[in-house]
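There are 2 protein chains.
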Amino acid sequence: MSGSIRRAFLADLTPGQRVLDTETSKYLITVLRLSKNDEVSFFNGQGSRAHARILEPHRTKTTVHIEASTFSDPTPPTLHLCCALPKGDRAEWIIEKCSELGVSSIRWISCDRSQNPKKDHTKRLERWTKIAREAARQSHNDWVPTLHATTSLQETCDIHSNHTRIVLDTSNAPSAVNQSTDLSKAYAMLVGPEGGFTETERELLRTAGWRPMSLGASILRVETAAIVGVGFIRAITNETSKAC
Amino acid sequence: MSGSIRRAFLADLTPGQRVLDTETSKYLITVLRLSKNDEVSFFNGQGSRAHARILEPHRTKTTVHIEASTFSDPTPPTLHLCCALPKGDRAEWIIEKCSELGVSSIRWISCDRSQNPKKDHTKRLERWTKIAREAARQSHNDWVPTLHATTSLQETCDIHSNHTRIVLDTSNAPSAVNQSTDLSKAYAMLVGPEGGFTETERELLRTAGWRPMSLGASILRVETAAIVGVGFIRAITNETSKAC
Numbered sequence: 001m002s003g004s005i006r007r008a009f010l011a012d013l014t015p016g017q018r019v020l021d022t023e024t025s026k027y028l029i030t031v032l033r034l035s036k037n038d039e040v041s042f043f044n045g046q047g048s049r050a051h052a053r054i055l056e057p058h059r060t061k062t063t064v065h066i067e068a069s070t071f072s073d074p075t076p077p078t079l080h081l082c083c084a085l086p087k088g089d090r091a092e093w094i095i096e097k098c099s100e101l102g103v104s105s106i107r108w109i110s111c112d113r114s115q116n117p118k119k120d121h122t123k124r125l126e127r128w129t130k131i132a133r134e135a136a137r138q139s140h141n142d143w144v145p146t147l148h149a150t151t152s153l154q155e156t157c158d159i160h161s162n163h164t165r166i167v168l169d170t171s172n173a174p175s176a177v178n179q180s181t182d183l184s185k186a187y188a189m190l191v192g193p194e195g196g197f198t199e200t201e202r203e204l205l206r207t208a209g210w211r212p213m214s215l216g217a218s219i220l221r222v223e224t225a226a227i228v229g230v231g232f233i234r235a236i237t238n239e240t241s242k243a244c
Numbered sequence: 001m002s003g004s005i006r007r008a009f010l011a012d013l014t015p016g017q018r019v020l021d022t023e024t025s026k027y028l029i030t031v032l033r034l035s036k037n038d039e040v041s042f043f044n045g046q047g048s049r050a051h052a053r054i055l056e057p058h059r060t061k062t063t064v065h066i067e068a069s070t071f072s073d074p075t076p077p078t079l080h081l082c083c084a085l086p087k088g089d090r091a092e093w094i095i096e097k098c099s100e101l102g103v104s105s106i107r108w109i110s111c112d113r114s115q116n117p118k119k120d121h122t123k124r125l126e127r128w129t130k131i132a133r134e135a136a137r138q139s140h141n142d143w144v145p146t147l148h149a150t151t152s153l154q155e156t157c158d159i160h161s162n163h164t165r166i167v168l169d170t171s172n173a174p175s176a177v178n179q180s181t182d183l184s185k186a187y188a189m190l191v192g193p194e195g196g197f198t199e200t201e202r203e204l205l206r207t208a209g210w211r212p213m214s215l216g217a218s219i220l221r222v223e224t225a226a227i228v229g230v231g232f233i234r235a236i237t238n239e240t241s242k243a244c
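Chains as they are written, first to last, in my numbering: chain S, 1 to 244; chain V, 1 to 244.
In case anyone wonders, no lab produced these hints; they're calculated from the structure. Certain hints may be false.
[Said to hold, decoys possible] The calculated lysine-lysine pairs, modelled on BS3-like cross-linking and capped at a C-alpha distance of 30 Å, are: (1) V:Lys185 <-> S:Lys87; (2) S:Lys130 <-> V:Lys87; (3) S:Lys123 <-> V:Lys87; (4) S:Lys36 <-> S:Lys87; (5) S:Lys123 <-> V:Lys26; (6) S:Lys87 <-> V:Lys87; (7) V:Lys26 <-> V:Lys185.
[What the hints assert, rightly or not] Partner residues aside, some chain S positions facing chain V, computed with beta carbon under 10 Å: (8) Ile5; (9) Ala8; (10) Thr24; (11) Ile219; (12) Ile227; (13) Val230.
Remember, predicted model here, so these are calculated numbers, not experimental data. Built from N, CA and C at the ideal position, the CB exists for glycine as well.
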């Protein structure tokens, strides 16, 4: 519904004539079925977008002409999601949905009760990156979240020490709406593993100034809490930024 | 983290000794690995739960003793989700996540731009029902959402004429937080198809008193809007019900 120009990811938006790589050519010609002289809007996931036109369609080496790009800052607030890695494809859902919702970064955290906290996820990073770009493309976001390597809870605290720090918690935390009067422009939101944080971890988070927030009475899975939590902050800060 | 007693769905909670069916026996003995004299908490998805004890474990016909059940009303507010049916497994995600979040019912709506609006979904209903029960089990909800057959937009308007009616909309709608001052105990939330509602449908919804609500600037997929919208209403009404 947002205009008929198709969107595609392209890391390098240097203006001028260009032969695209196989993956991008395939997407434009085979998936989108674009033809000679059709228009396409490229975005680089770092805030820039550029208008382009197909000069020579080809399944593996399409030639395009790219115009000068325009840059947009991310829509405030900056929101960093720090989340225990759930099992199976649930991590992919977090990446897809939170990319739609426009988070700035996603960081998996290793906790005492994490699933495979020390597993090497570099092989999955390529697939996760594609999912994030595709979700940003569909949602017309020009920013793709940065996907970080797994980090310990202590490192996560250090990294986000200057942000408004929220930890999702079901245990007698103030409910979410209470927090809406104290909104800053940069948040970090922490979602713990299925088994919850240990008492030692809770103490670490309290000391580091993470404020607990509840999303209601239900016990939510990691990915549900992450998506609803991010969506909630986006919805209430959207209003705040309008009012300012 | 909520006690060590395992939960399982059982439609009939009549107290006394009982031989369970194959599916429930398999779940208790093969999946949960329960043994003789182990305890289990059954819920019927209609607000009742009953404590039980394994008398004779068996893979296909386990005998249990069921105690008298207790009944709880659903946690307010009542929230009915009316949603365009998305493609593939995205419908299953809506059912799973909204069951975790404790919606009262889920109704697929047929719109002019729906995917397969007239397709018969009775074959998928059995799988959807299992997903809803499993999500309610995990979330410790004693109520499982009612899953309705696909309904036209006009019928949906008629069915929910006594509820606070919210339609999720990205086009210049008031943002979500504005609505938080006007909360009732029974909501219907409408989520349109990927292509949006047609102008005729929008007029029908306006006339029928559905109020548009925005969840922020991003263009969200149907399942993302549904889950974030339901989560948002749960989070803000959770606070309201505490304050009353």
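Verification of the supplied hints:
Restraint check for Lys185 (chain V) and Lys87 (chain S): not satisfied, since their Cα atoms lie roughly 36 Å apart, outside the 30 Å limit. For the hint pairing Lys130 (chain S) with Lys87 (chain V), the CA-to-CA distance comes to about 20 Å; that is within 30 Å, so the pair holds. Annotation: proposed proximity of Lys123 (chain S) to Lys87 (chain V) holds, straight-line Cα distance about 28 Å (limit 30 Å). A C-alpha spacing of about 44 Å is found between Lys36 (chain S) and Lys87 (chain S), which places the hinted pair above 30 Å, so the restraint is violated.
With a C-alpha separation of about 36 Å, the suggested pair Lys123 (chain S) and Lys26 (chain V) falls outside the 30 Å cut-off, and the hint is violated. About 23 Å separates the Cα atoms of Lys87 (chain S) and Lys87 (chain V), which keeps this hinted pair within 30 Å; it holds. Proposed proximity of Lys26 (chain V) and Lys185 (chain V) is contradicted: the alpha carbons are some 39 Å apart, above 30 Å. Restraint check, Ile5 (chain S) versus chain V: the minimum CB separation of about 14 Å is more than 10 Å; hint violated.
Interface restraint check: Ala8 (chain S) against chain V, minimum CB-CB distance 16 Å, threshold 10 Å, status violated. Taking 10 Å as the C-beta cut-off, the interface hint given for Thr24 (chain S) is violated, the closest approach to chain V being about 22 Å. A cut of 10 Å between beta carbons decides the hint on Ile219 (chain S): the least distance to chain V is about 5 Å, and the hint holds. Annotation: Ile227 (chain S) was flagged as interfacial toward chain V, and the flag holds, the nearest CB pair being 6 Å apart, inside 10 Å.
Annotation: interface hint on Val230 (chain S) holds; nearest CB of chain V at approximately 8 Å, less than 10 Å.
The structure fails hints 1, 4, 5, 7, 8, 9 and 10 (numbered hints given earlier, in ascending order).
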